[in-house]
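Listed here are the chains, written in short residue letters.
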Amino acid sequence: MKFIHCADIHLGSKMEAKLPKSKADERKAEVRVTFGRMVDYAKKEGVKAILLSGDVFDSDSPFKTDKAFFYGAVEGSPEIDFLYLRGNHDGSESYTKEPSNLKLFSEEWTEYAYENVRISGIELSPSNATSLYSTLRLEKDKINIVMLHGQESSSVGAENICIHKLTNKNIDYLALGHIHSHSEKRLDDRGRYAYSGCLEGRGFDETGEKGFVVLDVEDGVKSTFVPFASRTIHQQKVDLSNAQNEFDAVEEVKKQINFSSEDLYRIELVGELTFDNGGLAETIQKTFEGSCYFIHVKDKTLKKINVADYEGDTSLKGEFIRTVMADSTYTEEEKLQVIDVGLKAISGREVE
Amino acid sequence: MKLISYHIENYGKLQEQDGTFKNGVSCFYEENGHGKTTLASFIKAMFYGLDSYTGASKSQKDTSLALPERKHFYPFKGGLYGGNITFEKEGKTYRIERFFDEKSEAKDKLTVYCNNNETNEFGTDVGKAVFGVDKESFCKTVFITADEVNISSTHSINEKLNRAVETSEGERDYEQTHKVLSEAKKKIKSARSGLYFDTNKRIGEIKTEIHGLEKIKNALKDKYKERQKLCEKQEELSKMRDEAQGRATLLAQWAHYDEEQKRVAEMTATQKSLLSEYPNGIPSEDERKILSDCLQKESELKGILSSSSLSAEKSYRLQSLQDAFPQGTPSEGLLAEQGDNLQKITALETELNGLKNTQKSGERERLENKFKHNPLDDGKLHEMQALLEKYKTKKRECDEMSNALLQGTMAQEAPKKKNNFGVILLAIAAVICALGVGLIFVQKIVGIALVCVGGVGVVAGIILALAGGKSSSAPVQKVQVNETAVKMKSDLRGLEDALKAKLIPYGYYSGNLEVDFNNLKNDWNTYTQGLVEDSTRKTQLDEKTNAKQVLEEKVRAFLQNYGVAADNLQAGMNDLRDEINAYKFLCQEQRNAESRKTQAEDELDGLRKNKKEILAKYGLSEANGSLEGIDQMAKDSREIVRLSDEIEKGKANANTIRTKHNLTVRPEGDLPDIALLSAQLNGVNKELSVLDQNIADDENNVEKLGDLENRQKEEVERLESYEARNNILEKALQSLERAEQNLKDKYVKPIQDKFAFYAEAIGQVLNERVEMDKDYRIQFEKNGQKYEERHLSAGERSICALCLRLALIDNMYETEQPFIVMDDPFVYLDDAHMEKAAELVKTLAKDRQILYFCCNESRAIQ
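Line order of the protein sequences matches chains A and B.
Take 0 as the starting number for the first sequence in numbering that gives the first Met the number 0 and just add one per residue.
Take 0 as the starting number for the second sequence in numbering that gives the first Met the number 0 and just add one per residue.
None of these hints come from the bench; they were simulated from the model.
Glycine is no exception: its CB is placed at the ideal position from the N, C-alpha and C atoms.
All the given hints hold, so there is nothing to weed out.
Computed, partial: chain B to chain A, Cβ under 7 Å: (1) E170; (2) R171; (3) L219; (4) G705; (5) S734; (6) A738; (7) L742.
The list that follows gives simulated cross-link-like pairs (lysine to any residue, SDA-like), each with its CA atoms no further than 20 Å apart: (8) A:K66 to B:K224; (9) A:K302 to B:N725; (10) A:K254 to A:E271; (11) A:K22 to B:L707; (12) A:K297 to A:S240; (13) A:K343 to B:E736; (14) A:K20 to B:K712.
Let the hints inform the model, and build the full structure from the sequences given.
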């Protein structure tokens, strides 16, 4: 018997700030489309139920469009059960329909049975944050899957899941939601716990592969992460300290990043440059715009200053550098920035 | 460092002069013209040399009065130009010997001795080596004159002061740099403008917009609740309406069932009523068919009986034909005989037409015209034949004679051309004449005129022909023609003319008389043969016409026997045949009608018997046997059957309705007002629709929240970057200011302190607060405003200059102070300040050597 464990769909969520509006809208649509594709996948693979471990919607007052889409997908797939455990974002969903194949949870443990598989879940709240661990009762001879939404923690709390309190509870698989990256760890001798991560990354704080987990249940639970996002978001620092000029810098980026035309990239240029940086970020942005779906280049490089070169300089320039370097209230980065701007001003160049 | 002695070979007005210098102040007080400035210049020249000059030097051009020093101090009396000077530095005694060329520094001779030993320790630039500064700087420091009041530093001085604060090319100085950074900072952040301000303003605007959308978003929750309520109300009303509609449907189904039952009952009653009309039943369909057939047959037979005799028209026709053929119609043999006659008539008509239409040929018409108007007979033809024979004989004789003559007498002479003009004219005239003769029968006058013209022409032609014959035959050498030949020729011409006169009227005039005659003869034969043919044809025409008339009379007589009178015999024969056929047809028709009548009367009797039997069987009247009665029976029969079917169907329908809708118990109570419920539901639906639209609009707006928040985030990031940039610029400015202050503290302050010290020593000459920049430019502050030193009085400036020089010297030479040359520097000081200056010089002289030159006793320092 197969199940899908997914979470944090965040239908209706806004997208990464740097995306232009047209692409942001496209990405919003892709979030829905990917969810639809996952349902199709489930149909094709004969999945019995999709376990939604919270935050299906981005808001507790989801938009009609998103609700219509979600409930449409549920109603259009009567052969699949949707086990919908609400998270911290879609806590008080006000528009709820209850099609027969949509199975809900509450602030008390609720259990659904599929042959010898028992799927239990509880929606975290201040009132059950402490008690939920002791009230969980699972039969030893069943295959037990537990759904929760919250932050993995060593302590209890309304938004925390105290992992060690769930050990030795006959859990075979703890299907968690809240963290947007996939991870799976051992829970105890019997079971494991996993965050499925979100289906689509929405910004540069959600980088890497996104998808869902397929649970193949026979004697036990075999989990397989399925990367399923339309696009992958990458964030990478590129150290340009060795570049001698803009051309070298572009080549360095090319060397360090293998661009995919479907993906989104944020590139942070770092390092101390030996050459004058006149719009390096724009150059790299323009160079690689055609190589990917979206690119944002952030220039955090600094002009390399060799203070020793100015030791014997008795001019204003030398004195300025010595003065800055001697100022203990400045951070090292600030010192370089102050020197950079100061030297530009003294050298007769434009200061922006 | 101090000067010990000097020796001047020649320098300006000084020559062979030796002198020594003491420690402390050496005052050289002499009136003008004694060589004080010359000695000062000599001292400087020993250390730094004299600049070369060529012609009008630069300085000469600049100041017309000032001469180059090398020229100015060139010995008045000539001789070796230069000398030596001995000084002590760092415990060693040096002597510099310099002898100058008149113009070129390159030709100068320089020798330096250290402790009486020649040395190259100072190189060629001895002054720079000894004092550490160039000549200009030397003049601005240790060599003090009244003229040099320029208060500033030099690169060399700066170097000596161990600093290089001057800006390189393209670099900004402190003020410029400060301005650039300040402006950049201002561009980013100022009180009411700049990037920071604009961004902050935008953030404020976005926040306001977000706030508005947040309000809408929050309000959406209430709208969702309201929608939920409306949905519930909608569901309730919908349920009530559905229930009411269900009841209404059930009632309608019961009504349908009742209606069906009622219909069955009505049909049963109708059927019963119909059956009561036929106590012995209704005749079967076959029986009804017999009755119906009987009626139809009766009708048909009545028709046959009524149409058994010929119509009046046909009877009259038959009668008239019987009258026309009292003995019966003619036999086919007779008819065939008359047909043959008609064919023969037709053939004869064809032949006659052929004979009548025979056309004469064009040739015959031409010959008829020719010989009709100018008749010819065999006599005339024989006459012309005889003339032709004579002519031919005569011509042969003439030819033989001519040949004999020509061969005998003019064997060597080539035959001459004959002049034919006369012959041609003769021929033309003959033609005209012939035409005239021909036209006389048509146009008499024209014909006569042409004959006359032709006659004249013939005469003229004959004359010309004869003349031509004579002239043409007249050779260069005359030939004698005998009289016989002439006569023969004349006869020949006469025959020729006579024959032509006979031929030409018939139109034959080719010139060849034999040919013309033969043509005439042939034409005449053709003409006479045609006349014979015409006569034969006329005979045939008459015979055939007679035969045709006989045949026509026979046929006409035959037709008249049967009353057919026709001009066209063929049409008459056709009419006769038509009449015979019509007669035969009508006779046959009359016989057929009589036969049918007998047969119909027998059939009618049989049918009437059957009909009576059937009506009697069912106790029906004769009226029932009528067509209407039979139709009614058929209708009634069908209706009874139909009603039976309908009754069965109606019963089945009623059962189906009851079973299908499970109609067991009739609903009781009043039916709710469905229209009202529908109206209420519509109202809720509309309300919901409006609310949905409202929600959709709000959601569309709220969807912008994400974008706005992103924009806000971006703007905040931008603001932070501006803040950071502003911070960096601020720190850069602060660092720049501190660097500037450091420079001042390090390099300027000691000078400034010393300057203040010396100024104090000289006295409070400067009432205002004096400041000094890094280039040692002096500024003073008056009434809160800063002024440059050039706004000071000459005395004040000279004091400032002196103080600065002393300050610079103190800082430049920290270990060993150099001697100071003062060439009457206090000329601008009043007595009070002069006194203080003298005290200062004395004070200074405690630890350094001062050579003081002046030209006035009041400024002498002892």
